[in-house]
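Could you put the whole structure together from the sequences, leaning on the hints where they help?
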Amino acid sequence: MNYLFSFLLIALLLGIAGLYLYTLFIAKRVELGLPPEGSFVTVMGNRIHYIEQGSGPDTILLIHGLSGVAQNFGYGVIDALAKTHRVVAIDRPGSGYSERPARSSASLAVQADVVAGVIDALQLGKPLLVGHSLGGAVSLATALRHPDKVRGLALVAPLTHMPSKISDAFNGFAIRQPWLRTLVGWTLAVPMSIRKREQIMDIVFGPETVPADFPMRGGGFLGLRPSHFIAASTDMNALEAVLPLMQLRYDDLQLPIGVLYGRQDRILDPAEQGQALADRLSVVELELVDGGHMLPVTQPEITIDFILRQLQRQQAA
Numbered sequence: 001m002n003y004l005f006s007f008l009l010i011a012l013l014l015g016i017a018g019l020y021l022y023t024l025f026i027a028k029r030v031e032l033g034l035p036p037e038g039s040f041v042t043v044m045g046n047r048i049h050y051i052e053q054g055s056g057p058d059t060i061l062l063i064h065g066l067s068g069v070a071q072n073f074g075y076g077v078i079d080a081l082a083k084t085h086r087v088v089a090i091d092r093p094g095s096g097y098s099e100r101p102a103r104s105s106a107s108l109a110v111q112a113d114v115v116a117g118v119i120d121a122l123q124l125g126k127p128l129l130v131g132h133s134l135g136g137a138v139s140l141a142t143a144l145r146h147p148d149k150v151r152g153l154a155l156v157a158p159l160t161h162m163p164s165k166i167s168d169a170f171n172g173f174a175i176r177q178p179w180l181r182t183l184v185g186w187t188l189a190v191p192m193s194i195r196k197r198e199q200i201m202d203i204v205f206g207p208e209t210v211p212a213d214f215p216m217r218g219g220g221f222l223g224l225r226p227s228h229f230i231a232a233s234t235d236m237n238a239l240e241a242v243l244p245l246m247q248l249r250y251d252d253l254q255l256p257i258g259v260l261y262g263r264q265d266r267i268l269d270p271a272e273q274g275q276a277l278a279d280r281l282s283v284v285e286l287e288l289v290d291g292g293h294m295l296p297v298t299q300p301e302i303t304i305d306f307i308l309r310q311l312q313r314q315q316a317a
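Per our numbering, residue 1 is the first one in the sequence shown, and the count goes up by one each step.
Please note that a few of the clues may not be correct.
Stated by the list, open to error - Capping the alpha-carbon separation at 20 Å, the derived lysine to any residue pairs in SDA-like fashion look like this:
(1) 28 / 187
(2) 165 / 203
(3) 165 / 269
(4) 83 / 309
(5) 196 / 208
(6) 196 / 166
(7) 126 / 84
(8) 126 / 113
(9) 83 / 301
(10) 165 / 270
(11) 196 / 213
(12) 126 / 58
(13) 165 / 247
(14) 196 / 206
(15) 165 / 202
(16) 126 / 82
(17) 83 / 58
(18) 165 / 242
(19) 165 / 245
(20) 196 / 168
(21) 28 / 194
(22) 83 / 37
(23) 165 / 237
(24) 126 / 315
(25) 126 / 144
(26) 126 / 316
(27) 126 / 43
(28) 126 / 252
(29) 165 / 175
(30) 28 / 216
(31) 126 / 313
(32) 126 / 41
(33) 83 / 52
(34) 126 / 312
(35) 165 / 264
(36) 196 / 19
(37) 83 / 305
(38) 28 / 38
Rather than coming from a laboratory, the hints here were simulated on the basis of the structure.
Dropping the structure here:
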């Protein structure tokens with residue numbers, strides 16, 4: 001019996017070691033193929049990676065969603081906006097090449113404070129915040145906590161309320177114990193992400209097609225790193241600490257807010273997230289288009305036009 005136990009224990013440890021080495025190998029390959037494109041600034045102990053282009057009197061700050069990266073706006077959105085405006089796209093703490101200190105909070109309140117710190121550190125003035133998905137919730141939190149630092153909000157498929165159901169694409173992030181999150185991140189997460197890539201991407205992008213170059217151009221490969229998985233899982237599990245409290249304060253928002261949603265979004269419910277906010281606040285303008293969740297990638301022209309119109313609206317306010 002002792003021999004059997006020892007054999008099983010050794011087999012388990014060898015399996016874990018193999019998964020760890022495979023994960024490390026993939027992560028290093030990704031980092032060699034997709035090095036940081038931008039610069040770094042340290043805010044509240046977070047080393048924030050950001051991409052900056054363009055110049056002009058108005059600044060636009062782009063904030064990506066759960067398990068996303070700044071390059072999600074790389075399908076023409078940054079380039080088009082940068083022709084006439086100063087544009088900054090950040091990797092949120094822990095995402096992409098941004099680093100979050102160990103045991104640091106991932107709450108929306110803290111992420112909002114980091115965004116405010118980035119605004120100050122880069123001297124962005126009062127930018128228009130463009131938040132996609134979870135980046136929409138971060139943008140709303142920033143407007144609530146730092147209204148003097150925000151001109152307005154242009155939210156694309158934003159998370160605005162606690163969802164009644166977590167998308168199947170994100171079930172793997174639902175790990176509450178930090179130690180287990182780290183263990184999974186360094187062993188199972190990357191192999192499972194590779195194995196289930198088509199299934200997950202069909203939900204994230206559907207009903208639209210995933211661009212063939214998304215892993216490189218859109219930064220998709222950056223998700224195949226343990227730090228990225230751990231950050232995304234931490235972000236998702238931190239939502240319930242602050243988002244319900246934010247919902248109670250939405251009436252305090254007085255700045256212009258635009259919301260763009262795809263009618264066929266498979267990640268977030270447009271009625272539960274977009275229409276609910278528009279029904280509550282007169283400052284919200286809701287626009288619905290045919291499409292899924294990843295509009296900055298699949299429909300960049302519509303996204304660009306939406307952002308520019310929201311900027312004009314806020315200039316006139």
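> Which numbered conditions among the earlier hints are violated in the structure presented, ordered from lowest to highest?
Replying inline: none
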